[in-house]
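Asks: Given next are the chains, with one letter for each unit.
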Amino acid sequence: MLSVYIMRLLAIAARLGIILVVFGAFVPPQPRAPLGEAHTVETIQPHVCVHTRLIDEVETWKIQKTLIDVREMGARTIVEFFPWAYIEGTRGLYDWTSVDRIVEHAQNQGIRIIARMGLVPEWARENSAEINTTLNSLAHTNYPAFADFVAAFAVRYSGIIDHLIIWNEPNLAFEWGYQTVDPAGYAELLRVVYATVKDASPLTQVLAAGLAPTLEPSGSPNGLNDLLYLEALYEHGAAAYFDALAVHTYGFTQPAESDPAPDQLNFRRVELLRAVMMRHDDAHKPVFITESGWNDSPRWINAVTPAQRITYTLDALAVADTWAWLDSLCLWAFRTPAPTFNYPDYFTLVNVDFQRKPIYTAVQAYARGFDTP
Amino acid sequence: MTMRRVLPALWMWTVLGGLLGFLPFARSSALPSIEQALPRGELRIGVDPSVAPFAGIIEDTLIGFDIDLGRALAERLNISVRFVPLGFDGLYDALYTDQVDLLIASLTVDPSRQDRVLYTPAYFDAGLALMMPLDSSILTINDIGGRRIAYALGSNAHSEANRWARRVLPFDSIRLDSETAALESVRTREADAALVDVIAARLFIRQHPEERYRYSTVTTQSHVIAVSADNAPLAVLVTNALTHLESIDDIEVLRARWL
Chain A
0 MLSVYIMRLL AIAARLGIIL VVFGAFVPPQ PRAPLGEAHT VETIQPHVCV
50 HTRLIDEVET WKIQKTLIDV REMGARTIVE FFPWAYIEGT RGLYDWTSVD
100 RIVEHAQNQG IRIIARMGLV PEWARENSAE INTTLNSLAH TNYPAFADFV
150 AAFAVRYSGI IDHLIIWNEP NLAFEWGYQT VDPAGYAELL RVVYATVKDA
200 SPLTQVLAAG LAPTLEPSGS PNGLNDLLYL EALYEHGAAA YFDALAVHTY
250 GFTQPAESDP APDQLNFRRV ELLRAVMMRH DDAHKPVFIT ESGWNDSPRW
300 INAVTPAQRI TYTLDALAVA DTWAWLDSLC LWAFRTPAPT FNYPDYFTLV
350 NVDFQRKPIY TAVQAYARGF DTP
Chain B
0 MTMRRVLPAL WMWTVLGGLL GFLPFARSSA LPSIEQALPR GELRIGVDPS
50 VAPFAGIIED TLIGFDIDLG RALAERLNIS VRFVPLGFDG LYDALYTDQV
100 DLLIASLTVD PSRQDRVLYT PAYFDAGLAL MMPLDSSILT INDIGGRRIA
150 YALGSNAHSE ANRWARRVLP FDSIRLDSET AALESVRTRE ADAALVDVIA
200 ARLFIRQHPE ERYRYSTVTT QSHVIAVSAD NAPLAVLVTN ALTHLESIDD
250 IEVLRARWL
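As you go down the protein sequences, you meet chains A and B in turn.
Counting in numbering that gives the first Met the number 0, the first sequence runs from 0 upward without gaps.
Counting in numbering that gives the first Met the number 0, the second sequence runs from 0 upward without gaps.
What the hints contain is simulated information worked out from the structure, not anything from laboratory work.
Given the structure is predicted, the values throughout are model-derived calculations rather than measurements.
Note that beta-carbon positions come from the ideal geometry of N, C-alpha and C, so glycine has one too.
Each hint should be verified, as a subset may be incorrect.
To be verified - So, partial list: chain A residues that the calculated Cβ filter (under 10 Å) puts toward chain B:
id, residue
1, Ser136
2, Ala337
3, Thr339
4, Tyr345
What the hints assert, rightly or not - Covered stretches of chain A, going by a simulated chain B footprint (3 or more residues, C-beta under 8 Å):
id, stretch
5, 168-178
6, 291-301
7, 346-357
Construct all of the structure, not just a fragment, from the sequences and the given hints.
Replies: Written out as structure tokens, the structure reads:
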């Protein structure tokens, strides 16, 4: 009797095997992404940088293709987001797979990575069992856990990724877990992370987060003016806990040369942030503009035309080249894995389907010294 | 029981269970109550007031198609409404953290969020369209071979035209600085048609009532309302209200007002 069942099971298994083979023959093979000969970035403008969005890519060939396009544009550096929630979904268990494949392909193209760290796993969120939290809600008691993760990252990629940005735009309520923004709390986070990272990997450079350019007044539920927030960070003693400042500065509807002013949001607002650093004797620290650019959506009220976007972006790169205190100017965003079907799609340089926009060609000509198209 | 008997039984119970699960919402007489969906007695709508003509702020007042749609839905649901202005990046987090009940913000269905968000049927299609004079012989993209097609440099229309260049008869591209310039080129007969989004096409036609144009939609970009997956009763009520407003042409009236 038993042998009959075994025979039936074997017959079913054989049929399944045939079905899998037959259907497998109709599945198109995935494009492969073998690491080829090592490249270097050819550029005459080493401060040109782009913010990529590679971590959510499913297919490796898209990571490789993006990085090839970045290299061919003449950008030596990328900023990439490495979410803590993706890597340490279970406390104490690190899965570096998605980071490794980005790192190996970036190295293969000769591209330097600046890593942005954030996005909290569920186990580390604020009261996650009781209230609705976002992926930016980090319980104060878990600052050391975040620091341990950042330190583990620093050690693993030491000598490859040496610049780590701690958090993103903490002066916006939604980036601070939809809680009241708290410069003292962020200064404390920097203190905990800085000490842990430096113990583990002394050469790693810790960057204070880029603040969102905003005019939100003190007490606003939405956030706090970036100039006020940076001032408050210094007042809470944060200077000792970062090696460089990341800055987000967008042009919105103004040309690159527009004069900065505390009540204006424009590209040169970075000069006002720099002035805050200087007032606090921090002039020796470099600045990395890790998000910048213009948007050419026909619908967004803060956008410009595509031609203006090209002109303003090239002007901004030229202005930035004169700032000795600036390391990189990273344009947001090179390409996204999926469209939003809204105005953020008009920040990109390359489409989801890898079409290069005119802005790409213009930046490439600037970075590589080609004739202007 | 053998597997041959178990499998049909499982299928039957699965199908029956599914039907029973939907039954409470399937009949209009069994709609969830507004008190059940909105115990606060208020409908909080998250909007992004930076996308014209859907939502904007003029003299501290929110205006736009999305705002009027929100008011119409609240009126249909017989509940007071409060709009919460948000930045695009913070929309979904506001929904997840229960700061708003729904989002009306030119959103399209995002498959990656469907574990936490329920979407209503579309209330507007903002896809690309070919706009041409009413008497044009261009009816579909199959007719553009050898014709002059204007679009904005670097726009979604530019990308779409690049895709077409690989699969329709060759056409002459006229790349201009803006959608407005592309539409104007049709008016001056420098182009046979303009490839722009439906919003631009509708606004242009509205601004030139003395002239006769038409548009033909060539891609789809459906605007939908997002509701938290934790509030299925509200999703049902909003979908029901939206369907009703569409059936009595109230939404078409709003479209005509703003677009």
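Asks: Each hint needs a verdict: does it hold in this structure or not?
Replies: Evaluation of the provided hints:
no. : hint    : result
1   : Ser136  : holds, 9 Å
2   : Ala337  : holds, 7 Å
3   : Thr339  : holds, 8 Å
4   : Tyr345  : holds, 8 Å
5   : 168-178 : holds (count 4)
6   : 291-301 : holds (count 6)
7   : 346-357 : holds (count 5)
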